[in-house]
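2 protein chains.
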Amino acid sequence: MNDRFYLSLAVSEAWKYQGLTYPNPAVGCVISDKNGAILGVAAHKQAGLPHAELEAVKEALSKLNPLLVFPLEPNELYAFIVKNHNNLLKNSTFYVTLEPCSHQGLTPPCANLIVTIGAKSVVIGVADNTNKAKGGAQILKKAGIEVRTGVLSEECNELLEPFLLWQSKSFSFFKLALRLDGTYDNGIITPHEARVFMHRIRSVCDLIVIGGETLRADNPLLDARLINGKAPDVLICTQKAVKKEANVFSVKNRETIIQSGLDFPEKYKNIMVEGGSNFLRAMSDRVDRFLIFHSCDFSLKGSKKIETDLKLKLLHQSHVDNCSFGWYRKEHSNISI
Amino acid sequence: MNDRFYLSLAVSEAWKYQGLTYPNPAVGCVISDKNGAILGVAAHKQAGLPHAELEAVKEALSKLNPLLVFPLEPNELYAFIVKNHNNLLKNSTFYVTLEPCSHQGLTPPCANLIVTIGAKSVVIGVADNTNKAKGGAQILKKAGIEVRTGVLSEECNELLEPFLLWQSKSFSFFKLALRLDGTYDNGIITPHEARVFMHRIRSVCDLIVIGGETLRADNPLLDARLINGKAPDVLICTQKAVKKEANVFSVKNRETIIQSGLDFPEKYKNIMVEGGSNFLRAMSDRVDRFLIFHSCDFSLKGSKKIETDLKLKLLHQSHVDNCSFGWYRKEHSNISI
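If you're matching them up, the sequences are chains A and B in order.
Counting in the numbering used here, the first sequence runs from -13 upward without gaps.
Counting in the numbering used here, the second sequence runs from -13 upward without gaps.
Covered stretches of chain B, going by a simulated chain A footprint (3 or more residues, C-beta under 8 angstroms):
| id | stretch |
| --- | --- |
| 1 | 11 to 25 |
| 2 | 166 to 172 |
| 3 | 275 to 286 |
| 4 | 295 to 301 |
No lab work stands behind these hints: they were computed from the structure.
What you are looking at is a predicted structure, and each value in this text was computed from that prediction instead of being measured.
For each residue, glycine too, the CB sits at the ideal point set by N, CA and C.
Using the sequences and the accompanying hints, generate a full structural model.
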């Protein structure tokens, strides 16, 4: 198969973790051996866990030598692989959605790992232009590795954009959880596994934004209790007084801001907005993306449906348990960076 | 990667053509070379076109020898490949969602093709128990090819079930086209490419079923004009009189049946049901599956939303252009065969 085929597997794998990797980008990596057989399909899962390339190398080596016992800590894993790769991945090809990093972050540079491994070629979806990480392709080329670029660059750019927005301003998305018929009232909508996934996303947001209507109707906690995760700060946009007994105040180690305006405070970078029809309409032009979950249920007659005239563009769809979800942007919206 | 990985690619490819292959099953096939590199990912696309195995062999050979010019007609293609494969696929592995056929249908048996090609092993998702086609695995084994079964059998069974229902009684599905908010009134809902896809599905249905309400409200043609395809017969379930001027009667070479009951006439095997809330509720227990399209638009306030209390299970989701769609079954419904 061609470069597009392999890289598309990396793109799909990376999207599974979109929303979970902050402040790092969602990145996917596929490794094929010298004959083109796929040895690893992996993604960066969250900050503090290995980069996609390191995950993929680990997966590939564990296939080729099932006796290897890998350390969990990323730095130890990196060092272990440098010591134990045993040229098993010599002449392999890496397919990465983003140019491998050149910098010492939580782990040493991925570009150096690929050189050490002895890869023959690297296919890169999109260049890394961030100051601290750029230059990976140069490292690869200097080591004599063939670098191919411009493959699926539009798809890889779309995947990367939340990260780019974190760099330039902030990234915000409106999260909706609907039934198949567009309703969202009358209790819990999505299955447990989908709510766990949402709490994982919440736990890496630094701010959740809701309107006064949601506060009064649902009195939500807005925490990440299903994964024992960190609760983000909360911004309540309301022109009415907020009761001190509201559940949102009962969560420890969080700041709660109440304001009448809709602007996000500048210090926040990764912002989830939640709410119903009115808040969605108020926020539609202010958020960068929409994350919409659809359970597989319909509701009984008379339930409240979401009401807006938004037209969206589907960027990626997937599912958690029996619940589908999609990342969307406004149709015809310009790339904002 | 393991058998599950390769076969899952075949399953995904096959689902793209679910609803289009009648009276043949939706089948997918992946071919890897002796080193595990993927050479072909293909599916059976419609009756009269090559089986999945033949499509995959063609794709694989065209990669290995770009100079080959393949005939389009399936029998000629089969004969051409037998003559020109040149052992390029020697020791390959086939991953097929359904046991390769053993019979001379529109094309010669796929099992024989795999033997001729010189495959080393064949991984089969689910056995073919139909009288005319079964026995493919025996042919392979007799030729010394390793046959592995039981991989992703649940997924492959689910994929195959419409075909099994055609054998035992009929297969019927309720098609819904909704906006993201569950509404379905006020004009065209899905983008052009999605409607073309629906017309392709219609063109292989032998019956479309609607209620009197849809007839009176929409006065639909219910044909396959977007692809110049054959219009299926129509069953109108209504207790009121039907006007002779209804558009449905203007389509040539079709039978239109009007009855007050909801039972499908026995002579029909592949049945699409269309309608709104009332007809969906009436038909929910009578159809085998649900095919639900979701455009990426919301509607203006006041539009009519679908109303039922169905609980479904997502079987597969995909998209056409900017429109997602999913195949569903009723949650907890027993497999009906």
